[in-house]
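J.: Produce the complete structure using the sequences and hints provided.
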Amino acid sequence: MDEDKIHEQHYEQIHEQVKNDPYAQSLGIQLTKFEAGTARSNDRSASHMVNAYGKISLGLSTTIQFIESAKTGDKIVARATEIKRNYRTGLYRIDVFLEENLIATMEAVSYRKLDEQD
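Residues are numbered in the numbering used here as their position in the sequence shown, beginning at 1, plus a constant of 179.
There is no bait here: all hints are sound.
The list that follows gives simulated cross-link-like pairs (lysine-lysine, DSS-like), each with its CA atoms no further than 25 Å apart: (1) 212 x 198; (2) 184 x 212; (3) 250 x 198; (4) 184 x 198; (5) 292 x 234; (6) 263 x 292; (7) 263 x 234.
Think of the hints as simulated: they come from the structure by calculation, not from any bench.
T.: If you want it as structure tokens, here you go:
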């Protein structure tokens, strides 16, 4: 059976699961389009999402490796390290641990705006 048929047969179940995802709901993400091979959502940025060194910061790229999964109730710890920062860009590494066990790692590059015209 091809994947489009699977999507068609299980559309309601998949749609409800995606639409009611607790993490997406906690961020205020609203699913506006859901079809085989495509989805669209709306979200609104908040002030706590856009600040770095007192400047508006834009994410340029991220790469995440999920090594192991955490389970509900697990206490995870994230450690962020600024690897390199210059006038406008910064490189960061974020490691996520379950106790002493590394379960995910992320590298991110950001761009800091100097003023509203940038």
